[in-house]
Amino acid sequence: MTQAPPPINATKHMKKLMADHFLGLDRAAREGSPKVAWCTSVGPAELLLSMGFAVYYPENHGALLGATRMATEVIPVANAAGYSPDICSYLTADIGAFLKGVTPLTAAYGIKSIPKADVLVFNTNQCRDVADWFGFYARHWNVPLAGVCSHRGLGEVKRHHIDDVVSQFKDMIPVLEKVSGVKFDIDRLRETVRLSKECTVRWRKVLEYAALSPTPMTFFDHTIHMAPAVVLRGTQEALDYYDLLLAELEQRAAEGVAAAPGERYRLYWDGMPVWGRLRMLSETLGGLGAAVVASTYCNSWIFEAFDAADPFESMARAYLELFIVRDDDYKERYIRQWARRFGVQGIIFHDAKTCPNNSNNRYAMPERLAQDLGVPTLTINGDLNDLRCFSDEQARTNMEAFAEQLGEQAA
Amino acid sequence: MPITAGIDIGASATKAAVIQGEVPARAELIGAAVLRSGVDFALSARQGFELALAEAGLEAQRVERIFSCGYGRGNVDFAQETRTEIAAHAAAAFRHFPRALTVLDIGGQDNKVIKLDDQGRRISFKMNRKCAAGTGAFLEEMALRLNVGLQEFDGLARSARGEVTMGSFCTVFSATEVLAHIRKGVALPDLVKGLFRSVLKRALEMDNLDQTVVMTGGVAAHNPYLLEMLSEMIGRPALTPPRPQLAGAEGAALLAMQSLLPRCDQSHPRP
Ligand code: SF4
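Listed in order, the protein sequences are those of chains A and B.
Here my numbering is used: the first residue of the first sequence is 1, the next is one more, and so on.
Here my numbering is used: the first residue of the second sequence is 1, the next is one more, and so on.
Treat the hints with caution; some may be incorrect.
Claimed, not checked - Calculated pairs, BS3-like style, for lysine-lysine (alpha carbon to alpha carbon, straight line, at most 27 Å): (1) B:201 - A:353; (2) A:178 - A:116; (3) A:12 - A:205; (4) A:183 - A:170; (5) B:115 - B:126; (6) A:112 - A:16; (7) B:184 - A:353; (8) B:201 - A:331; (9) A:116 - A:15; (10) A:170 - A:116; (11) B:115 - A:353; (12) A:15 - A:205.
As the list claims (entries may be wrong) - Restraint-style ranges between C-beta atoms, simulated for each label pair: (13) A:20 - B:210: 56 to 66 Å; (14) A:250 - B:43: 31 to 41 Å; (15) A:372 - B:168: 27 to 37 Å; (16) A:84 - B:148: 28 to 38 Å; (17) B:151 - A:334: 38 to 48 Å.
Said to hold, decoys possible - Away from chain B, derived, C-beta distances all over 12 Å, residues of chain A: (18) 6; (19) 132; (20) 159; (21) 168; (22) 198; (23) 304; (24) 307; (25) 308; (26) 337; (27) 341; (28) 366; (29) 378; (30) 380; (31) 396.
Calculated directly from the structure, the hints in this document are not laboratory data.
Model, not experiment: these values are computed from the prediction.
The C-beta atom is built at its ideal place from N, Cα and C for all residues, glycine as well.
The following block holds chain B by itself, in its conformation from the complex (with noise of 0.2 Å):
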């Protein structure tokens, strides 16, 4: 069975997925990755590799080709051809959940909405303007200022009684208004939930999310609260692939395979 590999080089970030099967949509994850993408990007995306190939007990020969995405898509010297990552983060939504889609993905720099029709084709995409508001970069900046670690948010968020309205749109501001509840005394567990309520209101800002919402990327990864959030805000279950970090990992890696196909059955990544 064919087998590909998919790298995806966030500027935060570095994600390897290697996957084996007839035809995408039965396409299975059988070595994965992740670690720090640093400023050396086709050293990390070697080492990602290296790392999902380890784990999927494989050799790099066995891997019949291999697909990059993200920021540093175009340092992954070992790829074959690369792919932004809005088409492959629709690619992995859609292996999961094959239906016309909007597709949110919170990443380290930058956030994007992808609308998918129900054959898996783009029908728009928008990305966050210039600027870290509601991104991964934002939570982080605010950790910093809390001093509290990035991994105990989503605990600090979920414990939360209340929760504080963060009013700006951006990250320097947002740190003052951290500091001044701070200072009256608001609960943290209120303060993380008000900067989860950011980053989301960010999110639903940027387009409708009609239809099945489905989060991908690191941040609904490292914090599975914010898609109860995200849910209770549209009204509906919002979904996540297994892994939403490797999304975009996972979706070059099924471009990469359906790139195998015969050409007549590429057009789309159908289920």
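Excised from the complex, chain A in its bound form (with noise of 0.2 Å):
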């Protein structure tokens, strides 16, 4: 057995920003006020916020019901309320989850159930589920659902599109100020674009730092830490705390500490996580020698175009932007990119069975990336949520075969 790379420290820190967060929601929610948005993880978080909403991310709950486990055994209850099993599995746990009265949040927080939405905002950027997902809930509270509904498969991201989107938000601005009760006011939206895209830049020095050689940092580690870029950008907090962090990696960069200790192989995860076998995941590459340094799932979370001076229009871009709006000669792009930046010896496909949207080895790219870069890739087949599509044996044989054709080849 490897010996286990050194605890983060910020971590502990983190943990109370999440209790804060959900406690503040659960307040939030059976006190009326502030008004609670339910939200996707990439946005417009940032026009709820300005209008001060508590924003409420069902993704992040969906991970949590992966991470705990408790998807596998509340999935069924959906499917079997007409939810098909090939569909997205964070809202067949999170549904499932909510018509058999369970959340994380109870172990974790005390909390006894998600924070009732006031009102639904949805973006199709990422796919179609999220629109049906939050529509169960808007119909089952009865309370408005807007959404903006996406471009997808983008080459270049052009005028049109752009204008299309930000013409999509301001048509939601009168909803939400019937729900909220608050004006809009372009200031303060500035201000909270101001807000995400400082967050935006530390986040991705700290996915930076995984360059290194061997990575302060690992994926598995980035998939726990990059909760505040994602439920909290757009506020100070999330900024101080990517602060504290990048202090202790630059403090571990200079000690040379190793998140995979003895790292030999450095790999690319493409796709989702799987959320109920991190641990496994991490344990079983880490003891191969292999340190995942990047990914295209935890980089989702930059917003490069994010500008204070132009709001709307850069909200608009940075949604559009992200790779999983994009088409295939983008995406294969972007990650020869960062394979090379990062230096990686092989390239791990998560076939996830339920998100096509975040699985890209559908269409032969792996093929076309091991020709291009000449490193090889493997493909395994599981999901981010539900565990009855995951076999970890079968896993565990993938990532020993390729840590063993990587020293072959390294040989």
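Make one complex out of these two single chains by using the hints.
Encoded structure:
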């Protein structure tokens, strides 16, 4: 057994921030103030925050259901209610848990149930499932559902795409004003966008530390420490948190701390995490001397385009320029760049059964990248949340065989 | 001359091989055993090893190094190291056919396509998805449905005059299809040949079977006609080592022997 890497101290602070976040939402939902808005992870959170909403991100709850492995117990409840086992298992886990009246927030923070929404705001830039997911709750609570119906599969992000999304943001404002009782204020939006941009800059720096060899943090750490970038961006707390983490990373880097002790191979992870198996995956890969240094998933919270000077347009651009919204040529170029910069020797594609949107192996991209980059690729079949679609043994054998292959090539 | 052993604990069968040689490329198989894995992998590993030793007429102490592979590789407490079955099958196939290869291993529970360069280094590998389609388990299930011993499948397929087409990926759906064909009065050999074809189609879907194709694993061992059908499908002869079911165990033993060599010669299984 390889020795465990030293823990990251900032984690304690992050846990407190997350507790405050959920307790604040719970209070808001119980007291009716501030109003609660549900939002997809990639926005338009900035708009909602600027209007004083307490913003709740159901995907984060989905990931918690996965990480606590409650998901696999509750997904069948949603399946029985008509939500297919083939669709997003964040959706099926979340709705299943709701129908069953359970949430991991109870064990973690003593919170009885997820915060009831006053309004639900989605963005289909990632997938259609989010609209269906939020639609369930809109019907259940009889609350307004608003959203951006986004363009997808984009090569270049063009003027008309941006104009369209901006106008959809603006159309939402009257609904949001009505629910919140707060008048939209462009200066508050500017300030929120500024904070989000600052958060993005810091998060990117965190990820870039993994270009060091050995890396002081791996993908598996990133999946935990990205939480503030997801749920607290647009707030000062997120910035303070990343300043703290960056200082610690600087120190780890100076001391040559290896997050995967004995790092021999550097890998790229494409696709969703397998939330219920993070530890198994990180221990298996770590035990093989493999550090996952970069990932598409954790990079998804880098919003380069945010610009306080032009909040609407820059939000539209930021949400459209994301990896998941782009065509395969763009995605390939993107992975190639990161893989080269981070000096990876192999790429793991996670083919998540219930999320085609984040599974980039299905149209021969691994084959093309292997050829272009001259590095081997491995596809692991699994899922973000539904562990019925994941085999520990098969994943383990695949990873071991991949490490053997990398070893043979290095010899 | 060094003697090493390999134990391959598959989901259905345990295989053991004892080899002897100066170098892996010239090693000889001197003892082997195949038995059911059962539920106690540690026990079947030990039994397999003892049977292989008995065949070789050796005491356990004579064996310098033991590697295990396969599904239960972690359960072999007397093995010094483990390797994946992918490494092991590749090593065995390359030992018999030292050239750029595509190794197709059809096992009890899973299939693998492994590509090797002309030095025996792995270029890529693919395992089947989490599904029994196209594996030994599929044929077992069908034998059960047809109430025919699995060992009769090869002869039946070979005697077929025609062949039914199986349409589905899924083992359960295939079982329904089989029943429908039986109801229609389709001849049993034609049905079995259709099942063989289905196994091969699943394998061909996994990757391009280019280069020299070598088939390993228990299914190839018990069904030589499958190899003929595969050859016909790829338009050139597919090869198989002398005892394909032992490929994993033999490969593990070869890798164990390799590890005894001075460091500079260990990089990969050169002929
Ligand atoms: S992108 Fe995938 S995981 Fe995320 S909400 Fe959509 S379907 Fe679910």
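Verification of the supplied hints:
1. B:201 - A:353: 22 Å, holds
2. A:178 - A:116: At roughly 17 Å apart (the allowed maximum being 27 Å), residue 116 of chain A and residue 178 of chain A satisfy the hint.
3. A:12 - A:205: Distance ~20 Å between residue 12 of chain A and residue 205 of chain A Cα, so the pair holds.
4. A:183 - A:170: 13 Å, holds
5. B:115 - B:126: The given pair, whose Cα atoms are some 9 Å apart, holds under the 27 Å limit.
6. A:112 - A:16: Given that 27 Å is the threshold and the Cα spacing comes to 19 Å, the pair holds.
7. B:184 - A:353: The hint is violated at about 37 Å.
8. B:201 - A:331: 31 Å, violated
9. A:116 - A:15: 23 Å, holds
10. A:170 - A:116: Given pair residue 170 of chain A, residue 116 of chain A holds - Cα atoms ~25 Å apart, limit 27 Å.
11. B:115 - A:353: 26 Å, holds
12. A:15 - A:205: The given pair, whose Cα atoms are some 21 Å apart, holds under the 27 Å limit.
13. A:20 - B:210: 56 to 66 Å: 58 Å, holds
14. A:250 - B:43: 31 to 41 Å: 54 Å, violated
15. A:372 - B:168: 27 to 37 Å: Hint holds: Cβ distance 36 Å, inside 27 to 37 Å.
16. A:84 - B:148: 28 to 38 Å: At roughly 37 Å between Cβ atoms, residue 148 of chain B and residue 84 of chain A fall inside 28 to 38 Å, so the hint holds.
17. B:151 - A:334: 38 to 48 Å: Given a distance of about 53 Å, which is not inside 38 to 48 Å, the answer is violated.
18. 6: 28 Å, holds
19. 132: 26 Å, holds
20. 159: 42 Å, holds
21. 168: Nearest chain B Cβ is 39 Å from residue 168 of chain A, so the label holds.
22. 198: Its Cβ never comes within 12 Å of chain B, the nearest being 43 Å, so this holds.
23. 304: Correct as stated: the minimum Cβ-Cβ distance to chain B is 34 Å, above 12 Å.
24. 307: Nearest chain B Cβ is 44 Å from residue 307 of chain A, so the label holds.
25. 308: Non-interface label stands for residue 308 of chain A: nearest chain B Cβ at 47 Å, farther than 12 Å.
26. 337: 23 Å, holds
27. 341: 24 Å, holds
28. 366: Nearest chain B Cβ is 9 Å from residue 366 of chain A, so the label is violated.
29. 378: 8 Å, violated
30. 380: 10 Å, violated
31. 396: 9 Å, violated
Consistency with the previously given hints fails for numbers 7, 8, 14, 17, 28, 29, 30 and 31, ordered from lowest to highest.
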